[in-house]
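Asker: As a plain string of letters, each chain reads:
2 protein chains.
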Amino acid sequence: MPPSSTTAATATRGRPGYAREDVIQIAVEEFNARGYEATSMGTLAERLGLSKSAIYHHISSKEEILVEATDKALAELKAVMDAALAESDDPLEQLRLLVAGTTRVLCQFPAYVRLLLRLRGNTEVEREIMARRRLLTRTLVDVVDRAQAEGSLRSDLEAGVVARLIFGMINSIVEWYRPDGKYAPEDLAQLTPQMIFDGIVKPGVRHG
Amino acid sequence: MPPSSTTAATATRGRPGYAREDVIQIAVEEFNARGYEATSMGTLAERLGLSKSAIYHHISSKEEILVEATDKALAELKAVMDAALAESDDPLEQLRLLVAGTTRVLCQFPAYVRLLLRLRGNTEVEREIMARRRLLTRTLVDVVDRAQAEGSLRSDLEAGVVARLIFGMINSIVEWYRPDGKYAPEDLAQLTPQMIFDGIVKPGVRHG
Numbered sequence: 250m251p252p253s254s255t256t257a258a259t260a261t262r263g264r265p266g267y268a269r270e271d272v273i274q275i276a277v278e279e280f281n282a283r284g285y286e287a288t289s290m291g292t293l294a295e296r297l298g299l300s301k302s303a304i305y306h307h308i309s310s311k312e313e314i315l316v317e318a319t320d321k322a323l324a325e326l327k328a329v330m331d332a333a334l335a336e337s338d339d340p341l342e343q344l345r346l347l348v349a350g351t352t353r354v355l356c357q358f359p360a361y362v363r364l365l366l367r368l369r370g371n372t373e374v375e376r377e378i379m380a381r382r383r384l385l386t387r388t389l390v391d392v393v394d395r396a397q398a399e400g401s402l403r404s405d406l407e408a409g410v411v412a413r414l415i416f417g418m419i420n421s422i423v424e425w426y427r428p429d430g431k432y433a434p435e436d437l438a439q440l441t442p443q444m445i446f447d448g449i450v451k452p453g454v455r456h457g
Numbered sequence: 250m251p252p253s254s255t256t257a258a259t260a261t262r263g264r265p266g267y268a269r270e271d272v273i274q275i276a277v278e279e280f281n282a283r284g285y286e287a288t289s290m291g292t293l294a295e296r297l298g299l300s301k302s303a304i305y306h307h308i309s310s311k312e313e314i315l316v317e318a319t320d321k322a323l324a325e326l327k328a329v330m331d332a333a334l335a336e337s338d339d340p341l342e343q344l345r346l347l348v349a350g351t352t353r354v355l356c357q358f359p360a361y362v363r364l365l366l367r368l369r370g371n372t373e374v375e376r377e378i379m380a381r382r383r384l385l386t387r388t389l390v391d392v393v394d395r396a397q398a399e400g401s402l403r404s405d406l407e408a409g410v411v412a413r414l415i416f417g418m419i420n421s422i423v424e425w426y427r428p429d430g431k432y433a434p435e436d437l438a439q440l441t442p443q444m445i446f447d448g449i450v451k452p453g454v455r456h457g
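Those sequence lines, one after another, are chains W and X. Residues in the first sequence are numbered consecutively from 250, following the numbering used here. Residues in the second sequence are numbered consecutively from 250, following the numbering used here.
FYI, nobody ran anything at the bench for these hints, they're computed from the structure. Do not take every clue at face value.
Stated by the list, open to error - Listed next, the in silico BS3-like pairs over lysine-lysine satisfying Cα-Cα at most 30 Å (straight line):
1) W/K327 / X/K451
2) W/K451 / X/K451
3) X/K431 / X/K321
4) W/K311 / X/K311
5) X/K321 / W/K451
All chains, please: the whole structure from these sequences, using the hints.
Answerer: Here's what the structure looks like:
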């Protein structure tokens, strides 16, 4: 029987039975730890406890893993963004739902999103993935743009830059978030829209 | 005479005359484009238009370049943070100066800071650099902490998380900022403290 978790998989070094999701998860961890470019099929085989020929029963190339993992991240992000747009007609509320939803996805799949964010675009496949990533940024820019146009967001800040800084803040969560740490995804999904909407200064405090 | 800019350097393919800063800059671009782990001395030699033996007149190892470039980034960041702390006794004003100052550094040295931020800690040297990076985060956490304690920042948000999200937002600038683009460093140095302090919602607009 194939191991059903990473821990179980690690314990079965040398045994070729892996659930697909374990192979992907371990490979993504390896990409994130060493860099995608510096990870070879040989490294992956070693990490999975498989021989260099046995790994091909599981993976045809490292690119296949990259595509599957980033597909997952992109699909999850797109789903919460689409849901945010569908749930309200008010751009400000759409923006709040979108920020909260993407925060939740980052907390649930930090490793997959981290891989997505660190792509460098050295291959055609990577550039296609990055183009899909840019569509998500585009969606966020549009929402910020509409919220500025209808007057709920300050319009002295350029929508494109604001949207990039918003995603910059949220995306950084994947660099430190631990699913077994002290914050639940929901805690951060409450915090990020609040910080982005109202800032961190106590209401009424004057500052330069 | 050694070339004094990247363009000039590129034009002198095969000629071993390089200013030190050009070698570092080109190597950092290469690390950022391919990943530090995946870049070899051979790759760097090729990129610099040098033979595999000639490159050792310029660089003893790729680690030497990593150290020099991240030293530069860390020193610049530390300098503006120290200046922010020295310039005011008010934690809120210190925070504003610190956010504006680090934003300026990111705009001036996006490639060096990008290298610093993408380190994975696979070698002892990388782990030392990352420890110095963590000291800067610690400084930011302390300022946020003090501003909360004296009552100028909302204290419902945990200082450690707020500080990480602030740096996350600012640091993301290195992913898209172009020194020859439409924003001057000063524009962004005005924008980031504003967004972080007051948020993006127009004053008086009610929201969930």
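Asker: May I ask which of the numbered hints given earlier this structure violates, with the numbers listed in increasing order?
Answerer: 5
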